[in-house]
Amino acid sequence: MSAYDTALDDLMTKPSGESFEVRAARRIARWEHWLPQLSKAQLSLIGVLCAIFVLTSLFPLHHTDLWGHLAYGRHIVENGTLPTVDPLGEAAAGETFTNVSWLAQAAGYQLWKHAGPGGLQLAHVLLVTLAIGAVILAIRVQRVALGWAVAGGAIAYLLAMPISGVIRPQLFGMIGLPLTLVALSLLPTRRLPLLWLPLMFKLWCNVHGSFVLGFVVIGCYLASGVLAAAKQQGLSSIWKEMVVRRTALLLALSVAATGLNPQGFGLLFSVLTFGNHSNLQSIVEWHPTVLASLTGGLFFGSLLVTGILIRTSRRRFSIYEVLLLITFAVATLLAMRMLTWWAIIWPVVMTPHLAAVFGGVSANATSRLPLRSKTEITPLVGDRTAMNTLIAVAIVFVALVVSPVGDAVVTGQERAEAMVVSDETPVILADTIDRLEITGKIFAPMKWADYLLWHADGSVSPLVFSHVHRITSNTWQDYQRLGQGAEGWAAVIARHQLTHLVLDHEDNHRLILRLREQADAYRVVHRDQRGLIVEVLPPTATELQPGEQHVKKSEHATGMASPSVKVTKHSEPTATLPARSSNKS
Amino acid sequence: MKRTSQPISTVASQLLRWSLPVIMLLAACGIYRVTRVSTSDDSLATLPNQPNVVPVRYDLPLVATDQQLFEVLNRVLPPEGPAHTNNYVHALRLWGPQAKFANPKVPDGATMLSYFLDDATFRKLAGNNAPPLFRETDGLIDSRAWQEADPHNRTGAVHVDDLLATLAESGVPLDAPLKMRDGVATVGDLLRSAMRRFHHEQHEYEWTAISYARYLFPAKRWKNQYGQPIDLDGLVDELLEQPLPNGVCGGTHRLEALVVLARIDDQVGALSRRSRRKLIQHLGGVSQRLIAAQQLEGYWTRSWTTGSQTSGEENTAETDSSLYERILLTGHHLEWLALAPPEVQPPREVIVRAGQWLVRALLEAGDSELRDRYGPCTHAARALCLWRGKDPYHAWRQGQLRDVVAQAE
Chain L
1 MSAYDTALDD LMTKPSGESF EVRAARRIAR WEHWLPQLSK AQLSLIGVLC
51 AIFVLTSLFP LHHTDLWGHL AYGRHIVENG TLPTVDPLGE AAAGETFTNV
101 SWLAQAAGYQ LWKHAGPGGL QLAHVLLVTL AIGAVILAIR VQRVALGWAV
151 AGGAIAYLLA MPISGVIRPQ LFGMIGLPLT LVALSLLPTR RLPLLWLPLM
201 FKLWCNVHGS FVLGFVVIGC YLASGVLAAA KQQGLSSIWK EMVVRRTALL
251 LALSVAATGL NPQGFGLLFS VLTFGNHSNL QSIVEWHPTV LASLTGGLFF
301 GSLLVTGILI RTSRRRFSIY EVLLLITFAV ATLLAMRMLT WWAIIWPVVM
351 TPHLAAVFGG VSANATSRLP LRSKTEITPL VGDRTAMNTL IAVAIVFVAL
401 VVSPVGDAVV TGQERAEAMV VSDETPVILA DTIDRLEITG KIFAPMKWAD
451 YLLWHADGSV SPLVFSHVHR ITSNTWQDYQ RLGQGAEGWA AVIARHQLTH
501 LVLDHEDNHR LILRLREQAD AYRVVHRDQR GLIVEVLPPT ATELQPGEQH
551 VKKSEHATGM ASPSVKVTKH SEPTATLPAR SSNKS
Chain E
586 MKRTSQPIST VASQLLRWSL PVIMLLAACG IYRVTRVSTS DDSLATLPNQ
636 PNVVPVRYDL PLVATDQQLF EVLNRVLPPE GPAHTNNYVH ALRLWGPQAK
686 FANPKVPDGA TMLSYFLDDA TFRKLAGNNA PPLFRETDGL IDSRAWQEAD
736 PHNRTGAVHV DDLLATLAES GVPLDAPLKM RDGVATVGDL LRSAMRRFHH
786 EQHEYEWTAI SYARYLFPAK RWKNQYGQPI DLDGLVDELL EQPLPNGVCG
836 GTHRLEALVV LARIDDQVGA LSRRSRRKLI QHLGGVSQRL IAAQQLEGYW
886 TRSWTTGSQT SGEENTAETD SSLYERILLT GHHLEWLALA PPEVQPPREV
936 IVRAGQWLVR ALLEAGDSEL RDRYGPCTHA ARALCLWRGK DPYHAWRQGQ
986 LRDVVAQAE
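Protein chains in written order, with the numbering used here: chain L, 1 to 585; chain E, 586 to 994.
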């Protein structure tokens with residue numbers, strides 16, 4: 001027995017008649033051994049992850065591409081196969097249909113089917129929390145103190161906030177990328193990454209196209225190893241360097257693993273050429289990063305900190321770190337959406353330097369994760385205490401009941417879809433489309449089209465939805481022309497044989513005015529404060545049948561001015577109502 | 586003798602140590618789940634049977650004399666001829682279910698009420714080919730909407746929930762049967778359907794608000810069919826947010842909905858202080874605009890929302906509004922003012938001038954114009970009756986009796 005055990009034994013067997021403090025200390029000592037002891041840094045890890053869980057759960061399900069992905073997922077699951085022709089979009093002649101995110105889409109649909117929209121929200125929260133957890137791990141394996149690694153994770157979350165609030169297949173990439181960094185950190189001393197990382201790539205390439213960024217990271221690591229070896233031993237001795245050989249092997253295995261998908265290596269080509277699609281030039285997130293935006297503010301702010309740390313860090317910047325920073329900084333400058341990846345790379349690279357400036361690199365750390373010996377007796381004094389564990393339990397409990405998602409899980413009360421989705425989601429309009437049994441091809445603003453497509457389950461087909469790379473550039477231009485009521489808008493309706501137009505009062509205001517000028521050809525079938533649903537009348541339907549008498553709607557019912565757009569169900573034909581106020585939740 | 590203790594080093598003890606926090610967390614969650622009060626936001630489950638009533642407050646003979654009232658009411662009897670749902674809505678609202686008329690061509694109150702509550706009566710008056718007025722779809726009862734191209738549009742409902750509001754104003758209890766073509770329900774089912782369908786993006790909600798105030802008060806919240814919680818304060822905010830001229834009849838029905846909410850709140854106290862204050866302030870502001878915008882003769886035009894006598898356009902007030910528009914606006918404004926709380930009332934002189942103008946306009950208007958604009962004219966007649974504190978049918982009956990006595994003499 002150790003001296004510690006003897007002291008404990010003495011405490012527990014002391015006869016009564018002692019002071020309260022002594023008795024209390026003995027009781028505390030007794031129960032504390034029943035609980036694990038956490039350090040303050042571990043407690044902070046739990047606290048930060050719980051805070052991320054709560055904050056992310058406040059984001060509703062976004063109204064855009066989530067629903068398009070679910071629609072694809074539904075098609076895949078219900079048909080049991082991957083389509084070779086785009087079932088929802090519009091392909092150019094001869095174009096093959098490559099659906100990178102098929103696995104994420106199918107999984108998302110299954111989750112919705114069995115757990116409803118609340119299940120999707122839970123998945124979103126868990127994916128983001130796991131992603132930040134992976135970032136923390138990627139920092140930790142660089143021998144950085146846990147407290148600093150946790151801080152790095154928090155920084156990653158803040159940087160990724162403009163993007164991580166939306167559930168998308170790329171969240172899987174936000175887990176894959178830091179795990180790639182972990183693998184590379186462990187590679188010099190372990191061979192296990194050679195096994196699990198290619199397996200991870202195999203999964204990753206079937207959920208999101210960001211897997212190529214994993215190749216970029218491995219490539220940067222390989223390049224740094226080659227340069228380092230060349231500098232130390234000359235070009236002829238590069239392959240003698242173990243790290244270079246292992247990294248090259250890792251890259252080869254990872255690339256090979258991505259060939260194991262339903263689309264084969266053609267997938268890689270599709271992903272690499274994805275960003276060149278002309279339609280994407282109109283999408284804001286593909287535009288260069290500008291300072292006057294939240295994304296720009298975060299990005300340029302981080303660049304400023306980088307500059308300061310380059311000057312002040314006591315830790316040398318490795319070639320690998322420099323290559324990572326330059327590559328991803330340039331990518332983010334070129335396209336705002338790349339902030340997602342910068343938000344991972346930057347904290348992983350910079351946190352060790354931050355720690356070096358302020359102290360915090362573990363002096364005794366090795367390249368292994370700090371595992372405690374099984375025979376180690378946890379001291380009751382010092383940083384690790386059972387009280388920290390109790391606090392951690394309390395934090396987790398509070399996080400669960402405070403977050404809407406956690407509360408739903410704990411209480412088992414399912415929340416209605418309208419309460420889980422964002423305010424912009426056209427729930428009422430979609431329900432109206434169902435109720436009025438509208439079918440065929442329709443126009444709808446892109447921000448609504450995915451949800452309408454999903455909700456209608458195939459009965460309506462929006463002209464354009466968020467997967468703009470799935471449509472021809474002519475159709476994309478037609479969509480913009482029609483949505484703005486620009487010249488030639490009527491021809492667009494005829495050309496695409498649209499049956500209905502779903503219009504936003506604000507975004508499609510000019511088109512609404514144009515429609516009112518041609519009242520005989522269009523009929524408002526639904527109107528609410530968000531928008532209109534207008535039926536495109538076939539030419540013969542505008543003529544009055546013999547013998548029919550239409551009772552003129554009393555002006556008492558319609559208001560002041562005479563209508564210029566024919567009205568049907570409960571609609572105000574004259575003044576366009578203003579959109580809902582933005583502060584309405 | 587020292588007691589030997591086993592070192593805490595076995596796998597089992599480690600597992601136990603690590604599982605304890607998990608067990609504690611699960612226990613806490615379990616207690617939270619059990620003790621969490623599942624508050625049902627569904628106030629639609631239990632509703633009072635009788636609708637709330639808004640009692641009349643005033644009797645100003647200067648607004649209209651008894652004889653003037655009688656003559657005006659004589660001009661707005663329920664219209665003869667083919668059934669017209671919108672006309673029946675307004676006629677029932679004015680005359681009430683107890684009204685009886687000697688002329689067999691003029692539908693009495695009971696018949697008009699039965700037109701709404703009993704499909705057999707509806708078919709008798711609208712024709713067997715007329716589609717049903719009410720139908721149930723996906724568990725919700727809805728009225729058939731007016732549609733311009735529909736050959737049966739005269740028997741459709743023009744506004745969202747206007748039929749329900751009319752039943753409430755007519756004092757129909759929630760357990761009154763609603764005999765539809767494909768089944769029997771109750772007025773309560775119709776109310777629940779309306780509340781389930783309601784949402785904050787709704788285009789028209791004035792009559793839904795009136796129905797809510799009369800039938801649902803003091804229940805403060807419910808959930809619609811989309812699971813969205815609807816509460817009273819949100820409804821009031823919705824009514825207050827819209828610009829003044831927006832909505833049916835130049836926005837006047839929204840004002841009516843607000844005063845009904847305020848008056849019933851006087852009885853049951855369901856509005857929060859904040860909502861009540863905002864509501865009264867809003868109505869007071871409208872009242873001030875009406876004072877400033879009233880024309881010399883006493884009527885209002887569409888310029889009332891600007892608080893001036895002209896609309897600011899090139900045309901003068903005299904030329905930029907028709908007689909019909911003046912009757913519509915003046916009648917509606919006088920009607921909601923008759924129900925409004927004292928603190929938002931304009932000076933009596935404003936009311937009297939408006940009332941007297943309405944009397945002259947209604948007596949001088951042509952028959953065809955009255956027939957074509959029956960709805961607004963009933964609002965005007967009702968307004969005059971409210972300001973005299975008289976039930977329209979009784980006022981008309983008293984006028985008839987006076988006539989008979991005068992003729993006998």
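Warning: the hint list may mix true and false statements.
[Stated by the list, open to error] Result set (EDC-like, lysine to aspartate or glutamate): computed pairs, CA atoms no more than 20 Å apart in a straight line:
1) L:Lys447 <-> L:Glu414
2) E:Lys808 <-> L:Asp457
3) L:Lys113 <-> L:Glu90
4) E:Lys808 <-> L:Asp423
5) L:Lys441 <-> L:Glu321
6) E:Lys808 <-> L:Asp431
7) L:Lys447 <-> E:Glu786
8) E:Lys709 <-> E:Asp723
9) E:Lys808 <-> L:Glu414
10) E:Lys863 <-> E:Asp851
11) E:Lys685 <-> E:Asp976
12) L:Lys113 <-> L:Asp507
13) L:Lys447 <-> L:Asp383
14) L:Lys441 <-> L:Asp65
What the hints contain is simulated information worked out from the structure, not anything from laboratory work.
message: Given the hinted pair lysine 863 of chain E and aspartate 851 of chain E, is their Cα-Cα distance within 20 Å?
response: With Cα atoms ~15 Å apart, lysine 863 of chain E and aspartate 851 of chain E stay inside 20 Å; holds.
- request: Would you check the hint for lysine 447 of chain L and glutamate 786 of chain E, treating anything up to 20 Å between C-alpha atoms as holding?
  value: The given pair, whose Cα atoms are some 17 Å apart, holds under the 20 Å limit.
query: Taking 20 Å as the top limit, are the C-alpha atoms of lysine 709 of chain E and aspartate 723 of chain E close enough?
result: Roughly 28 Å separates the two Cα atoms, so the pair is violated.
Given hint glutamate 414 of chain L paired with lysine 808 of chain E - CA-CA distance at most 20 Å: holds, 14 Å
message: Would the hint linking lysine 113 of chain L and aspartate 507 of chain L be met if the CA-CA limit is 20 Å?
response: violated, 33 Å
task: Take a quick look at whether lysine 808 of chain E and aspartate 431 of chain L sit within 20 Å of each other, Cα to Cα.
output: holds, 16 Å
- prompt: Is lysine 808 of chain E within 20 Å of aspartate 457 of chain L, Cα to Cα?
  reply: The hint is violated at about 26 Å.
query: Is lysine 113 of chain L close enough to glutamate 90 of chain L, meaning Cα to Cα at most 20 Å?
result: violated, 26 Å
- prompt: Is lysine 808 of chain E within 20 Å of aspartate 423 of chain L, Cα to Cα?
  reply: Holds. Lysine 808 of chain E to aspartate 423 of chain L sits at ~17 Å (cutoff 20 Å).
- prompt: Given the hinted pair lysine 441 of chain L and glutamate 321 of chain L, is their alpha-carbon gap at most 20 Å?
  reply: The hint is violated at about 51 Å.
query: For the pair supplied as a hint, lysine 685 of chain E and aspartate 976 of chain E, is the alpha-carbon distance within the 20 Å limit?
result: holds, 14 Å
field: Pair hint outcome, lysine 447 of chain L versus glutamate 414 of chain L [Cα-Cα no greater than 20 Å]
entry: Cα-Cα ~26 Å, so violated.
The structure does not agree with the numbered hints 1, 2, 3, 5, 8, 12, 13 stated previously, though it agrees with the rest.
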